[in-house]
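Student: Spelled out, the chains give:
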Amino acid sequence: MSVDVSRMPSLDLSKATNLTHVVFRCGRSTQWVTTTVKTAKSKNLRHIAVNSFAINMASIEGAVHREWEDLDHLLDQLWTSHSIRPRVIYRRGTGEDDGDLASRSLSKLTKRGVVDMVEYKCRSGRR
Amino acid sequence: MACSLPPEILDLIVDHLRDKPSALKKCCVLSKSWVPQTRRYLFAHIRFHYTEHSIKSWKLAFPDPSNSLAQHARTPFLCEQNPSALEDPDVGCWIRTFYRVESLHVNALGRSYGVSFVQFHGFSPTLRSLTLTHTSTPLQEIFNLICSFPLLEDLGLTTIVPKRDTDGWNIPSTSPKLTGYLKIKGGLRSVVRRLCDLPSGLHFSKIRVSHDNEEPTLTTDLVSRCSDTLKYLTISHYASGAFFFQLR
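Read top to bottom, the protein sequences are chains S and A. The numbering used here puts the first residue of the first sequence at 39, with every later residue one more than the last. The numbering used here puts the first residue of the second sequence at 863, with every later residue one more than the last.
Please note that the accuracy of each hint is not assured.
Short, incomplete list of chain A residues facing chain S, as computed with Cβ under 8 Å [said to hold, decoys possible]:
1. Ser-895
2. Val-897
3. Ser-978
4. Val-980
5. Asp-1016
6. Thr-1082
7. Tyr-1094
8. Leu-1095
9. Ser-1098
Hint data in this document are derived by calculation from the structure and do not stem from the laboratory. Ideal placement from N, C-alpha and C gives every residue a C-beta, glycine not left out.
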């Protein structure tokens, strides 16, 4: 199932000055996540998680892939400047070589080893 | 053999077994003097299917409210598949026997019209957590219910689709401080607007919200209202809403 969420508007977190944990549950598009994270001004922010388990990473391509690259860049900067280690929960596709797709979408973070990539598994044990 | 232990020792033993129902049940039949302490934990978590028949059965089993298991119920006190029983005047008396409930979850799934919560108003002064699911009750009535619990901290509102949202809105004169978590899924627009009107303000430390494509400023407004206290924020957009509660 493909859902167009490219028009997903961002949030303004600038007033949440005591925020420590932010979790985004997103679909294919991550543009709104990137723009929302940019508004966060909390000095206490320690944890950012992106849960994209609702989508198949194999379906990320084109413009959507660029959005993931932007997010990758931003989270990489946050690691450098604030030592915030992001956590990404993803779902594998059905193919055997899909395992690295999530890592490829966040290449900077995975190359530096500063992201916790967690594969989502349904409670029933099915992928 | 009568098993008489000093009450503080008995409390220690039973407290130690609080998460072991099978052991508690054995303690319960060991001695009559052990019954009150063990019931405190055995019946703290009651899943109650709220039907006319179940209420009658409960009343038959516990005719004396002072000796009812209702006094041990803490959380969760779950009402499901509400029938017309909620409008029964006797329900008000019955519900007030659960005066120590700390968490209330009302699931009105299956009702095509709004469930009346009038009889629930302030039934447990110690209520700290309230979750309403699948209800089309007018928001005024929902918020009157919320404001009837002075110690309320946590609020969950899932799929709130009020039938008469256009009715007049009277801001309650008092409201709880709401310092715990807020979970909203569905019906964001109308619920958030009313929440922001509450006289004591919003002081949530955790918010889980389904982001609304149409009115993004509502979520931002919600975050701003809790700016001093908010520490944990989970934002889910509509497309992944179906997975909202799966991970935790």
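Student: So, for every hint listed, does it hold in this structure?
Tutor: Comparing the hints with the structure gives:
1. Hint status for A:Ser-895: violated, given a least beta-carbon distance of 43 Å to chain S, over 8 Å.
2. Checking A:Val-897 against chain S by beta carbon gives a least distance of about 38 Å; that is not within 8 Å, so the hint is violated.
3. Of the supplied interface hints, the one on A:Ser-978 is violated, with its beta-carbon coming no nearer than about 34 Å to a beta-carbon of chain S, more than 8 Å.
4. With a least beta-carbon distance of about 36 Å to chain S, the hint placing A:Val-980 at the interface is violated under the 8 Å criterion.
5. Taking 8 Å as the C-beta cut-off, the interface hint given for A:Asp-1016 is violated, the closest approach to chain S being about 17 Å.
6. The closest approach between the C-beta of A:Thr-1082 and any C-beta of chain S is roughly 5 Å, which is under the 8 Å cut-off, so the hint is satisfied.
7. Because the smallest distance between the Cβ of A:Tyr-1094 and any Cβ of chain S comes to about 4 Å, under 8 Å, the interface hint for this residue holds.
8. Satisfaction of the interface hint for A:Leu-1095 is found here, the shortest Cβ-Cβ separation to chain S being roughly 5 Å, below the 8 Å cut-off.
9. Hint on A:Ser-1098 holds. Least Cβ distance to chain S is approximately 4 Å, under the 8 Å limit.
Checked against the numbered hints given earlier, this structure breaks hints 1, 2, 3, 4 and 5; the rest are met.
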